[in-house]
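Asks: Given next are the chains, with one letter for each unit.
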Amino acid sequence: MEKRFMKGNEAIAEAAVMAGCRYFYGYPITPQNEIPEYFSWRLPEVGGIFIQAESEIGAINMCYGTSGSGARVMTSSSGPGLSLKAEGISYMAGANLPVVIVNIMRAGPGLGSIQPSQSDYLQATKGGGHGDYNCLVYAPTGVQSAVDLVQLAFDKADEYRMPAIILGDGVIGQMMEPVVIQEKKPIKVDKSWATVGWKDKNRPRAVINSLSLVPSELEEWNLNLQAKYKKIKESEVLYETYNMEDSDILVVAYGSTSRTIRSAIDENELKGHKIGLFTPISLWPYPEKELKEATKGKKCVLVVEMSAGQMLQDVKLAVGDTAPVHFYGRMGGIIPTAEEIFAQILKLGEVL
Amino acid sequence: MNIKMIFAGYGGQGALLSGQLISYAAMLEDKHVTWFPSYGPEMRGGAASCSVIISDKRIGSPIIQSADAVIALNQPSFDKFEPFVKPEGVLIYNTSMTDSGLKESRSDVKYLGLPISDMANELGNLRVANMIALGCLNELLKCAKTESIIEALKVRLGEKRADLIELNKVAIEKGGNAAK
Numbered sequence: 001m002e003k004r005f006m007k008g009n010e011a012i013a014e015a016a017v018m019a020g021c022r023y024f025y026g027y028p029i030t031p032q033n034e035i036p037e038y039f040s041w042r043l044p045e046v047g048g049i050f051i052q053a054e055s056e057i058g059a060i061n062m063c064y065g066t067s068g069s070g071a072r073v074m075t076s077s078s079g080p081g082l083s084l085k086a087e088g089i090s091y092m093a094g095a096n097l098p099v100v101i102v103n104i105m106r107a108g109p110g111l112g113s114i115q116p117s118q119s120d121y122l123q124a125t126k127g128g129g130h131g132d133y134n135c136l137v138y139a140p141t142g143v144q145s146a147v148d149l150v151q152l153a154f155d156k157a158d159e160y161r162m163p164a165i166i167l168g169d170g171v172i173g174q175m176m177e178p179v180v181i182q183e184k185k186p187i188k189v190d191k192s193w194a195t196v197g198w199k200d201k202n203r204p205r206a207v208i209n210s211l212s213l214v215p216s217e218l219e220e221w222n223l224n225l226q227a228k229y230k231k232i233k234e235s236e237v238l239y240e241t242y243n244m245e246d247s248d249i250l251v252v253a254y255g256s257t258s259r260t261i262r263s264a265i266d267e268n269e270l271k272g273h274k275i276g277l278f279t280p281i282s283l284w285p286y287p288e289k290e291l292k293e294a295t296k297g298k299k300c301v302l303v304v305e306m307s308a309g310q311m312l313q314d315v316k317l318a319v320g321d322t323a324p325v326h327f328y329g330r331m332g333g334i335i336p337t338a339e340e341i342f343a344q345i346l347k348l349g350e351v352l
Numbered sequence: 001m002n003i004k005m006i007f008a009g010y011g012g013q014g015a016l017l018s019g020q021l022i023s024y025a026a027m028l029e030d031k032h033v034t035w036f037p038s039y040g041p042e043m044r045g046g047a048a049s050c051s052v053i054i055s056d057k058r059i060g061s062p063i064i065q066s067a068d069a070v071i072a073l074n075q076p077s078f079d080k081f082e083p084f085v086k087p088e089g090v091l092i093y094n095t096s097m098t099d100s101g102l103k104e105s106r107s108d109v110k111y112l113g114l115p116i117s118d119m120a121n122e123l124g125n126l127r128v129a130n131m132i133a134l135g136c137l138n139e140l141l142k143c144a145k146t147e148s149i150i151e152a153l154k155v156r157l158g159e160k161r162a163d164l165i166e167l168n169k170v171a172i173e174k175g176g177n178a179a180k
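Chains A and B supply the protein sequences, listed in that same order.
For the record, in the first sequence the residue sitting at position 176 is 176 according to this note's numbering, with numbers rising by one throughout.
For the record, in the second sequence the residue sitting at position 161 is 161 according to this note's numbering, with numbers rising by one throughout.
Don't read these hints as lab results, they were simulated from the structure.
Be careful, since some hints might not be right.
[What the hints assert, rightly or not] Below, a list of computed lysine-lysine pairs in the DSS-like style, where the Cα atoms sit at most 30 angstroms apart:
no.: 1; chain 1: A; residue 1: Lys-3; chain 2: B; residue 2: Lys-103
no.: 2; chain 1: B; residue 1: Lys-145; chain 2: B; residue 2: Lys-103
no.: 3; chain 1: B; residue 1: Lys-180; chain 2: B; residue 2: Lys-160
no.: 4; chain 1: B; residue 1: Lys-103; chain 2: A; residue 2: Lys-274
no.: 5; chain 1: A; residue 1: Lys-347; chain 2: A; residue 2: Lys-292
no.: 6; chain 1: B; residue 1: Lys-57; chain 2: B; residue 2: Lys-154
no.: 7; chain 1: B; residue 1: Lys-103; chain 2: B; residue 2: Lys-160
no.: 8; chain 1: A; residue 1: Lys-191; chain 2: A; residue 2: Lys-233
no.: 9; chain 1: A; residue 1: Lys-3; chain 2: B; residue 2: Lys-110
no.: 10; chain 1: B; residue 1: Lys-86; chain 2: A; residue 2: Lys-274
no.: 11; chain 1: A; residue 1: Lys-316; chain 2: A; residue 2: Lys-296
no.: 12; chain 1: B; residue 1: Lys-154; chain 2: B; residue 2: Lys-180
no.: 13; chain 1: B; residue 1: Lys-57; chain 2: B; residue 2: Lys-80
no.: 14; chain 1: A; residue 1: Lys-3; chain 2: A; residue 2: Lys-188
no.: 15; chain 1: A; residue 1: Lys-316; chain 2: A; residue 2: Lys-156
no.: 16; chain 1: A; residue 1: Lys-3; chain 2: A; residue 2: Lys-185
no.: 17; chain 1: B; residue 1: Lys-154; chain 2: A; residue 2: Lys-3
no.: 18; chain 1: A; residue 1: Lys-347; chain 2: A; residue 2: Lys-316
no.: 19; chain 1: B; residue 1: Lys-57; chain 2: B; residue 2: Lys-160
no.: 20; chain 1: B; residue 1: Lys-169; chain 2: B; residue 2: Lys-142
no.: 21; chain 1: B; residue 1: Lys-145; chain 2: B; residue 2: Lys-86
no.: 22; chain 1: A; residue 1: Lys-231; chain 2: A; residue 2: Lys-126
no.: 23; chain 1: A; residue 1: Lys-3; chain 2: B; residue 2: Lys-180
no.: 24; chain 1: A; residue 1: Lys-199; chain 2: A; residue 2: Lys-233
no.: 25; chain 1: B; residue 1: Lys-57; chain 2: B; residue 2: Lys-142
no.: 26; chain 1: A; residue 1: Lys-347; chain 2: B; residue 2: Lys-86
no.: 27; chain 1: A; residue 1: Lys-191; chain 2: A; residue 2: Lys-156
no.: 28; chain 1: A; residue 1: Lys-274; chain 2: A; residue 2: Lys-292
no.: 29; chain 1: A; residue 1: Lys-228; chain 2: A; residue 2: Lys-274
no.: 30; chain 1: B; residue 1: Lys-142; chain 2: B; residue 2: Lys-110
no.: 31; chain 1: B; residue 1: Lys-174; chain 2: A; residue 2: Lys-298
no.: 32; chain 1: B; residue 1: Lys-169; chain 2: A; residue 2: Lys-3
no.: 33; chain 1: B; residue 1: Lys-160; chain 2: B; residue 2: Lys-86
no.: 34; chain 1: B; residue 1: Lys-103; chain 2: A; residue 2: Lys-347
no.: 35; chain 1: A; residue 1: Lys-184; chain 2: B; residue 2: Lys-57
no.: 36; chain 1: A; residue 1: Lys-3; chain 2: B; residue 2: Lys-80
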């Protein structure tokens with residue numbers, strides 16, 4: 001297969017096109033601008049439609065309409081834009097509508113900065129909008145990983161009829177790596193729910209809606225959502241491990257931070273200690289059981305994030321009292337270096 | 001092989017492009033490669049830069065703290081990235097664009113100051129300064145074959161600008177000869 005050298009952002013857009021996405025709506029924000037830029041010329045080539053919406057809110061609601069007609073659709077943004085999209089994402093989750101949403105995280109809160117960050121973890125994995133809902137959340141570790149996860153996200157969003165979020169950061173979006181992007185035929189799913197006209201009067205009318213004023217009916221609706229989420233938690237967990245054998249310190253990190261840990265492991269020798277790396281790929285559903293299993297026999301766990309400690313909460317829930325959990329994080333768009341993480345690990349090593 | 005390089009200069013000097021070309025060339029030789037640009041506020045003030053890692057093995061972080069080589073096409077880039085060169089590493093800089101009173105302040109770094117912009121002007125096109133610097137760096141570090149860089153250029157320039165390939169090739173060679 002032909003290897004190309006692409007930015008994460010561009011590769012995300014091409015991967016979507018090759019997965020059958022023909023509609024993209026977005027509003028500019030750094031560090032994800034190459035995604036809409038790429039779609040703006042690429043989609044017309046394949047008979048698709050690109051719209052630079054009047055706002056992020058406009059973009060997510062255009063997604064609602066397109067998804068309601070059964071077509072594959074994507075939007076992308078960064079932190080502040082995701083906050084604006086939150087209402088629409090909740091509506092789509094409530095109306096059982098598939099969509100792929102990309103968040104190339106930048107440092108917050110507020111307008112913050114354009115530098116890489118991982119501080120939208122809780123927003124992505126715990127809701128962000130209102131109501132009892134979840135989105136599938138995938139965290140790529142590089143450009144090829146982003147391509148594979150975008151294409152998976154379209155299939156899973158269709159299969160489960162729900163929003164899927166690609167949670168990248170400025171490093172993943174801006175870096176270039178060799179990548180192979182293949183055509184990925186959409187999985188076959190029943191889309192008889194799509195509102196594409198009612199010529200065939202033999203079937204019930206298709207209605208896309210998240211309003212339900214009868215409490216018992218709305219509870220029933222919610223129970224169905226929860227049953228779906230339970231099934232996903234049991235079957236859709238993704239993670240990677242590195243250097244696990246005989247390791248006594250387990251580092252947990254996702255996205256670009258996991259790459260930095262890999263460098264810290266590869267480029268340093270910690271006398272008397274061996275470091276393993278656990279990288280969650282699906283952040284929701286979180287690989288709880290798998291992480292707990294991985295911490296067995298370890299002396300301690302170190303969570304590293306570009307945040308104040310957001311995934312840390314999920315790690316603590318998963319690990320319980322199996323091993324003590326420590327944390328190291330940087331904020332404000334500062335990317336922790338392999339050297340400084342190694343220093344943290346060394347400190348832990350001294351304590352053990 | 002595990003080579004870490006930083007390319008820096010004013011926006012428009014082609015530092016980011018030359019980083020992409022050597023990356024692409026290494027990819028053609030089946031190496032693992034990462035390219036990461038400065039895209040934030042650190043670009044302001046004249047040091048637009050990119051970090052390139054070429055390796056036989058899967059690469060961890062694309063961010064570089066300790067570089068085998070730095071190309072500084074102007075004074076702000078020299079100032080900013082001199083501390084990033086690892087001991088025994090190389091700092092190639094453009095004396096056409098740095099202060100005459102510039103101090104090579106580290107004793108553990110190999111400095112190579114060349115009038116890169118003037119050399120480009122000698123070839124009739126200031127815009128190939130980045131390729132002179134790249135040729136120089138590649139002569140010292142042997143990241144990829146010159147043919148692979150030319151292949152990368154062909155992809156980048158496309159058929160419409162294929163006439164520029166010869167000039168770029170000459171620039172790479174001129175840089176390479178200066179490093180010998």
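Asks: Each hint: holds or not?
Replies: These are the hints, each one checked on the structure:
Under the criterion of a C-alpha separation no larger than 30 angstroms, the hint pairing Lys-3/A with Lys-103/B is inconsistent with the structure, at around 43 angstroms. At most 30 angstroms may separate the alpha-carbon atoms for a hinted pair to count; Lys-145/B and Lys-103/B exceed this at roughly 33 angstroms. This hinted pair does not check out: Lys-180/B and Lys-160/B have alpha carbons roughly 33 angstroms apart, beyond 30 angstroms. Between Lys-103/B and Lys-274/A the CA atoms are separated by roughly 43 angstroms; this puts the pair beyond 30 angstroms, and the hint is violated.
A threshold of 30 angstroms between alpha carbons decides the hint, and for Lys-347/A with Lys-292/A the separation of about 23 angstroms falls inside it, so the pair holds. Distance hint between Lys-57/B and Lys-154/B is fulfilled; the C-alpha atoms sit about 27 angstroms from each other, no more than 30 angstroms. Among the hinted pairs, Lys-103/B with Lys-160/B is inconsistent with the structure: their alpha-carbon atoms are about 43 angstroms apart, more than 30 angstroms. The suggested pairing of Lys-191/A with Lys-233/A holds, with an alpha-carbon distance near 23 angstroms, which does not exceed 30 angstroms.
Distance check on the hinted pair: Lys-3/A and Lys-110/B sit about 35 angstroms apart at the alpha-carbon level, beyond 30 angstroms; violated. For a cut-off of 30 angstroms, the pair hint linking Lys-86/B to Lys-274/A stands: about 26 angstroms separates their Cα positions. At roughly 14 angstroms between alpha-carbon atoms, Lys-316/A and Lys-296/A fall within 30 angstroms of each other, so this suggested pair holds. About 26 angstroms separates the Cα atoms of Lys-154/B and Lys-180/B, which keeps this hinted pair within 30 angstroms; it holds.
Between Lys-57/B and Lys-80/B the alpha-carbon distance is near 29 angstroms, which keeps this suggested pair within the 30 angstroms criterion. A C-alpha spacing of about 28 angstroms is found between Lys-3/A and Lys-188/A, which places the hinted pair at or below 30 angstroms, so the restraint holds. With a CA separation close to 27 angstroms, the supplied pair Lys-316/A and Lys-156/A stays within the 30 angstroms bound. For the hint pairing Lys-3/A with Lys-185/A, the CA-to-CA distance comes to about 20 angstroms; that is within 30 angstroms, so the pair holds.
In summary, the hint linking Lys-154/B to Lys-3/A is supported, as the alpha carbons are separated by about 16 angstroms, within the 30 angstroms threshold. Only pairs whose Cα atoms come within 30 angstroms are accepted, and Lys-347/A paired with Lys-316/A is accepted, the gap being roughly 20 angstroms. With a C-alpha separation of about 36 angstroms, the suggested pair Lys-57/B and Lys-160/B falls outside the 30 angstroms cut-off, and the hint is violated. Pair hint Lys-169/B plus Lys-142/B holds up; C-alpha atoms about 16 angstroms apart against a cutoff of 30 angstroms.
About 24 angstroms separates the Cα atoms of Lys-145/B and Lys-86/B, which keeps this hinted pair within 30 angstroms; it holds. For a cut-off of 30 angstroms, the pair hint linking Lys-231/A to Lys-126/A stands: about 17 angstroms separates their Cα positions. Restraint check: the Cα-Cα separation between Lys-3/A and Lys-180/B comes to about 33 angstroms, which exceeds 30 angstroms; the hinted pair is violated. About 38 angstroms separates the Cα atoms of Lys-199/A and Lys-233/A, which puts this hinted pair outside 30 angstroms; it is violated.
Between Lys-57/B and Lys-142/B, the direct Cα distance comes to roughly 17 angstroms. Compliance with the 30 angstroms bound is thereby established for this hinted pair. Annotation: proposed proximity of Lys-347/A to Lys-86/B holds, straight-line Cα distance about 24 angstroms (limit 30 angstroms). The straight-line distance between the Cα atoms of Lys-191/A and Lys-156/A is roughly 14 angstroms, inside the 30 angstroms bound, and the hint therefore holds. Straight-line distance between C-alpha atoms of Lys-274/A and Lys-292/A comes to about 18 angstroms, which keeps the hinted pair within the 30 angstroms bound.
Taking the CA atoms of Lys-228/A and Lys-274/A, the gap is about 40 angstroms. The hint is violated against a cut of 30 angstroms. The hinted pair formed by Lys-142/B and Lys-110/B meets the criterion: a straight-line CA distance of about 16 angstroms does not exceed 30 angstroms. For the given pair, Lys-174/B sits about 56 angstroms from Lys-298/A by alpha-carbon distance, which is inconsistent with the 30 angstroms threshold. Between the alpha carbons of Lys-169/B and Lys-3/A the distance comes to roughly 24 angstroms, so the proposed pair stays at or under 30 angstroms and holds.
Distance hint between Lys-160/B and Lys-86/B is unfulfilled; the C-alpha atoms sit about 40 angstroms from each other, more than 30 angstroms. Note on Lys-103/B and Lys-347/A: the hinted pairing is violated, with a Cα-Cα distance of about 38 angstroms set against a maximum of 30 angstroms. Restraint check for Lys-184/A and Lys-57/B: satisfied, since their Cα atoms lie roughly 28 angstroms apart, inside the 30 angstroms limit. For the suggested pair Lys-3/A and Lys-80/B, the alpha carbons sit about 34 angstroms apart, so the restraint of at most 30 angstroms is broken.
Hints 1, 2, 3, 4, 7, 9, 19, 23, 24, 29, 31, 33, 34, 36 from the earlier list are contradicted by this structure; the remaining hints agree with it.
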